[in-house]
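Asks: If you're matching them up, the sequences are chains A and B in order. Numbering-wise (my numbering), the first sequence opens with residue 1 and increments by one. Numbering-wise (my numbering), the second sequence opens with residue 289 and increments by one.
No lab work stands behind these hints: they were computed from the structure. On a predicted model such as this, the values are computed, not experimentally measured, just so you know. Treat the hints with care, as some may be off.
[Said to hold, decoys possible] Now the in silico label distances, taken between C-beta atoms and shown as ranges:
#1 A:S17 <-> B:K514: 45 to 55 Å
#2 A:Q284 <-> B:K316: 39 to 49 Å
#3 B:G383 <-> A:T283: 48 to 58 Å
#4 A:D220 <-> B:P455: 16 to 26 Å
#5 A:K98 <-> B:H434: 42 to 52 Å
#6 B:T571 <-> A:V32: 41 to 51 Å
#7 B:F437 <-> A:P217: 33 to 43 Å
#8 A:D220 <-> B:K385: 53 to 63 Å
#9 B:G576 <-> A:P217: 34 to 44 Å
#10 A:T229 <-> B:E564: 22 to 32 Å
#11 A:E147 <-> B:T571: 34 to 44 Å
#12 A:T229 <-> B:T571: 47 to 57 Å
Just so it is clear, CB atoms sit at the ideal spot from N, CA and C, and this is done for glycine as well.
Number of protein chains: 2
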Amino acid sequence: MTAHTHQTAPTQFVEASGIRFAYRRFGKAGGVPLVFNQHFTGTMEHWDPAVTDGFAKDREVILFNNAGVSSSSGEVPTSIEEMAQHAVAFTDALGIKKRDALGFSMGGFVAQQFTIDRPDLVRKLILVGTGPRSGEGMASLTPEAHEIFGAKYEPADELWLRVFFTPSKQSQAAGRKYLERQRARKENRDPVANDKVAPAQISALQQVAALQKWGAPAKDPYAYLKKITQPTLVVNGSNDVIVYTVNSFILQQNLPNAQLILYPDGNHGAQYQYPELFVEHVTQFLKG
Amino acid sequence: MTAHTHQTAPTQFVEASGIRFAYRRFGKAGGVPLVFNQHFTGTMEHWDPAVTDGFAKDREVILFNNAGVSSSSGEVPTSIEEMAQHAVAFTDALGIKKRDALGFSMGGFVAQQFTIDRPDLVRKLILVGTGPRSGEGMASLTPEAHEIFGAKYEPADELWLRVFFTPSKQSQAAGRKYLERQRARKENRDPVANDKVAPAQISALQQVAALQKWGAPAKDPYAYLKKITQPTLVVNGSNDVIVYTVNSFILQQNLPNAQLILYPDGNHGAQYQYPELFVEHVTQFLKG
Chain A
1 MTAHTHQTAP TQFVEASGIR FAYRRFGKAG GVPLVFNQHF TGTMEHWDPA VTDGFAKDRE
61 VILFNNAGVS SSSGEVPTSI EEMAQHAVAF TDALGIKKRD ALGFSMGGFV AQQFTIDRPD
121 LVRKLILVGT GPRSGEGMAS LTPEAHEIFG AKYEPADELW LRVFFTPSKQ SQAAGRKYLE
181 RQRARKENRD PVANDKVAPA QISALQQVAA LQKWGAPAKD PYAYLKKITQ PTLVVNGSND
241 VIVYTVNSFI LQQNLPNAQL ILYPDGNHGA QYQYPELFVE HVTQFLKG
Chain B
289 MTAHTHQTAP TQFVEASGIR FAYRRFGKAG GVPLVFNQHF TGTMEHWDPA VTDGFAKDRE
349 VILFNNAGVS SSSGEVPTSI EEMAQHAVAF TDALGIKKRD ALGFSMGGFV AQQFTIDRPD
409 LVRKLILVGT GPRSGEGMAS LTPEAHEIFG AKYEPADELW LRVFFTPSKQ SQAAGRKYLE
469 RQRARKENRD PVANDKVAPA QISALQQVAA LQKWGAPAKD PYAYLKKITQ PTLVVNGSND
529 VIVYTVNSFI LQQNLPNAQL ILYPDGNHGA QYQYPELFVE HVTQFLKG
């Protein structure tokens, strides 16, 4: 057990494939670590300490920025396949042979991809607020995502109140608590988008290109999911407007060994609306 | 706390609306009881002791046969609405003001109906292997249900291996364990179908009539679900061939406050395939 938490874990760096990856690791070491794969435009700072520290009681948690994101060097690639290769290069550099992988949204696409490419590396898979290749409404950003990501927020991080939470009073209140938790780390925060506006915009455009290739229509698009034989937990909110909730159902129906949990009155970040329940559900799943 | 369990709880009787209802109650008394509403052709004997005794550690469990079923007198009505009225008459007769209601399959239709008719009586709702009015494939028995219920089994209760479990080796093995648990009560078992063949067949036909009215196509069929404001947990297997799994997703998407859990490699009785996990999930939901 390290003394570190989400708030205090230092940002470390490791080199692989010519990229200097920024990462943090904390929690109870010695078992299979839980590696987090982040969403579109997110950095290590966007994980919820209530979730990461919740898991860190029982297991080691590893956060990182993939290539070209925030404090990691390199360029954001324009395909999920390349992002998955980078994610594997990063954990290979740390010497991690086996992990439980949690992928949120775009991070869920990346986690699906590296599970297919390198099944030996993954014990169990947790797919949150995500969807399959060619899922419903996934050929481009949804109209709701266009509107939400296109609007201005003051302060800027209130964007996440709309991306992750529903308009309901309860959900918005939960969202404000999430923002407080997420802002609580004061030292050595990851650079936020506004610190270097142009590169962040380019990074976002590259990521959108990757998302659109993943979501593009294809023949028999869900067949690839049969290759993911790891026990998988699929989690989402009831009303995800960024990656429509039906995609979680599609994942569950097409994966050979998947459990699905949908939370009520929830949008894309329902796991931050019900962090204790989410940690309980995932912990049950990981121990099972 | 009574000393009784699923196996030892005596069958008791209470009169209401001219019906003599058979019931059993056991577990930790004093709080909100959990009342179980049974599926098509099921009696109190078809509940899984691993589930009922699992709940009985923390709360009082009440099982009963609705009108015309097995050890209860009266006639099986040909509508879910009348079954719901009977279910309410039964708990009124026991003086129960508030309950958590678990409805499995047809019992889930009944539980939806009495929650709408008498919302004051229900604190939380658990809907297992069930669906909404006019759900997908619900206008009649599914082709799979026709085939499965129409076949012969020796011993007869092996029917449930096909109704509740998938063809996979793991699921069938879990099914055989369920059958062992379900057969374990030796004293004062409910009369099984074979004891009085004609009435059981008539009872089944009446129940089918009720199911078909519930499932018949209708305009804007899911609007009624907005009236169920109680916290609801919807649970099913990934591959329910009796009430198709998509109906659980439809319930969750249309109920104002519902969580959904789908279990992998599961058919209509997935809660008996994963009884410990199911009890944990429901217990979390009831305490929340």
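Asks: It remains to establish, for every hint, whether it holds in the given structure.
Replies: To see whether the hints hold, each was checked on the structure:
Look at S17 of chain A against K514 of chain B: about 52 Å separates their beta carbons, and that is inside 45 to 55 Å. The hinted range of 39 to 49 Å is not satisfied by Q284 of chain A and K316 of chain B, whose Cβ atoms lie roughly 23 Å apart. In this structure, G383 of chain B and T283 of chain A break the distance hint of 48 to 58 Å, their C-beta atoms being roughly 40 Å apart. Distance hint check: the CB atoms of D220 of chain A and P455 of chain B are about 23 Å apart, consistent with the given range 16 to 26 Å.
Distance hint check for K98 of chain A and H434 of chain B: the Cβ-Cβ separation is about 46 Å, which falls inside the suggested range of 42 to 52 Å. Between T571 of chain B and V32 of chain A, the C-beta spacing of about 27 Å breaks the proposed range 41 to 51 Å. Taking 33 to 43 Å as the suggested C-beta distance range, the pair F437 of chain B and P217 of chain A conforms, at roughly 40 Å. Between D220 of chain A and K385 of chain B, the C-beta spacing of about 54 Å keeps the proposed range 53 to 63 Å intact.
As the Cβ distance of G576 of chain B to P217 of chain A is approximately 40 Å, the hint placing it in 34 to 44 Å holds. Evaluation of the 22 to 32 Å hint for T229 of chain A and E564 of chain B yields a pass: the beta carbon distance comes to about 23 Å. Separated by about 40 Å at the C-beta atoms, E147 of chain A and T571 of chain B satisfy the suggested range of 34 to 44 Å. The hinted range of 47 to 57 Å is not satisfied by T229 of chain A and T571 of chain B, whose Cβ atoms lie roughly 30 Å apart.
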